[in-house]
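Asks: Here is how the chains run, residue by residue.
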Amino acid sequence: MDLIVIAIVVVVAIGLVAACILSYASKVFYVPVDERVSKLRAELPGANCGGCGFAGCDDYANALVEDPELSINKCPVGGAAVAAKLGEILGKSAEAGEKQLAVVMCNGTRDAVKPLLAYNDIKTCKAAKNLFGGMNACPFGCLGLGDCEAACDFDAIHICDGVAVVNKDACVACGACAKACPNSLIRISPAKNLVVVKCHNTEKGGVARKECSNACIGCMKCQKVCKFDAITVENNLAYIDPEKCKNCGMCAKECPTGAIHDERKKKAAPKKSPEEIEALKKAVAAKKAAAAAKKEDAPADSTDAKADDAKEKAADTTAKAADVKADDTKADSAKEKTPVKEIKVETTVEKAEEKAPETVKEVVDESADIGDENV
Amino acid sequence: MLANIGVIILSMVLVNNYPLAQFLGICPFLGVSKELDSAKGMGIAVTFVMVLATAATWPIMQLLNKFEIGYLQTIVFILVIAALVQLVEMFMKKSMPALYKSLGVFLPLITTNCAVLGVCISVIDDGYNYIEALVCAFGAGIGFLVAMIIFAGVRSKLVDQSRMPESFRGVPITLITAAILSLSFMGFQGMVS
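Chain order of the listed sequences is A and B.
Sequential numbering of the first sequence, starting at 1, is according to full-length UniProt numbering.
Sequential numbering of the second sequence, starting at 1, is according to full-length UniProt numbering.
Hints listed in this document are in silico derivations from the structure and should not be mistaken for laboratory results.
Glycine is no exception: its CB is placed at the ideal position from the N, C-alpha and C atoms.
Be a bit skeptical, because a hint or two may be false.
To be verified - Derived list of chain B stretches under chain A, where covered just means 3 residues or more per stretch with a C-beta under 8 Å from a C-beta of chain A:
| id | region |
| --- | --- |
| 1 | 62 to 71 |
| 2 | 153 to 161 |
Unchecked claim - Only pairs whose alpha carbons sit at most 20 Å apart, straight line, appear in this in silico PhoX-like list of lysine-lysine:
| id | chain 1 | residue 1 | chain 2 | residue 2 |
| --- | --- | --- | --- | --- |
| 3 | A | K192 | A | K244 |
| 4 | B | K94 | A | K27 |
| 5 | B | K93 | A | K27 |
| 6 | A | K246 | A | K192 |
| 7 | A | K123 | A | K179 |
| 8 | A | K253 | A | K221 |
If we strip away everything but chain A, and leave its shape as in the complex, we get:
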């Protein structure tokens, strides 16, 4: 009996002594902790995934308090909701993260890129890539078998005419397609950048051009024309610095192959100065004149041969020619008719793409094109 009592007493005594020492030590060695840390930690999801770049949720909470400059929307698990709560605790407004989008850096449509072989194997890009680098002459371009489409959970990327196209409204920039693409063609980049190089071909100009008519040939024209030093051509491929790019679209106009895309055209027409409007009027007038005298002058300018419709093409080139000769009498004579339509051009530019009556649409499309040429 004594033995049991002694045993219990000894163990309890040791436990008590340890408890006393620890509770005393916790006061002596107390390290003041910012109460915001525990609050922040409570809001964080506790996944400890390291997605924020810190060792875990505790670490991120500590860093948030220590460094007031640190962004509060680094937590990929919690997303915007957690960022808002963190902002409440820290007295910061949850700055909305910059919207980003997936961008496909290829425009090698079926008619542009030269086929190398008829591919009839497993219908995935990865498999095709393993076979001589794909079925297209260009080994860098989109294989068009839809690995990205399969990877996308948001139905935001589709293969159109042999090239992946991103639906900007549905894309959440999760990066799943970028991981799926065996050619690393898809990049997640800020949505504000509307002028993009749609090519990934680093071969020399001549080779690239033979492989695909839409390829970047590294001609440096864009680099020279850019006023903001945003473009560098390296390895025969243009690169637009998203920080410096101001979306002016000069490079896209200068690009001889159409490798640089100006996507803002589709969203809003650029503002036009009086001279431009004047030039536009003349161009439209010239087009009318050209339509009247169709047979006469349709100089075949090969670099302009991008328009789908042959009729449009002819009109476009003639309009351009007429534009150069600013004092063309034909233009002047036709001028009287145009003002009414010109107002329409200004107001309906945005809608015109979708719904405008055909006659107006034609005029709008071409006048917008010409207006851009003259910037």
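Given chain A, work out where chain B should sit, using these hints.
Replies: This is chain B only, laid out in the frame that chain A set:
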């Protein structure tokens, strides 16, 4: 005396190496040996706690023996080691924040490390005096550190498992590696009698 201490250290590092010859502390040996840096941190932390725990438990064992309740050894030691690790953690957080940060999560892990409890009990069983007990604990810690570093080095060569049969990839090859390493340490058996 000095020769005796040398023999104890040699014995603990090579012949009776804790993870490789006595199979104590296998969980951190397998769990924290993926990277050389963390393996080193864990090894140093274990060495530190082993010496401290032995320093604390050896006198307590004398107390238990006095009351003739030596059979309470295990439970009392666990209690003492847990409290000790907590105390060390608090102390380090206050006075050595840099070291505390670098040891990080390893320190609380050691609370339940069987190698620490093992060394506390074995120094009692071997009948060492206080100095010898501390030296033995230090040697055991160094042995653990050496084993961790060797194993982490070997494992860093196993990162690329592409040429391995699929059934061996991951944990199986780790266990096989540990077994071969252990086998090689068995070669020291009988060196110190």
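Asks: With reference to the structure, classify each hint as holding or not holding.
Replies: Each hint, compared with the structure:
1. 62 to 71: holds (count 5)
2. 153 to 161: It is violated: at least three residues are needed, and the region 153 to 161 of chain B offers just 0 whose Cβ sits closer than 8 Å to chain A.
3. A:K192 to A:K244: The hint holds at about 12 Å.
4. B:K94 to A:K27: holds, 11 Å
5. B:K93 to A:K27: Roughly 12 Å separates the two Cα atoms, so the pair holds.
6. A:K246 to A:K192: holds, 9 Å
7. A:K123 to A:K179: Given pair K123 of chain A, K179 of chain A holds - Cα atoms ~18 Å apart, limit 20 Å.
8. A:K253 to A:K221: With a Cα-Cα distance of about 10 Å, the restraint between K253 of chain A and K221 of chain A holds, given a limit of 20 Å.
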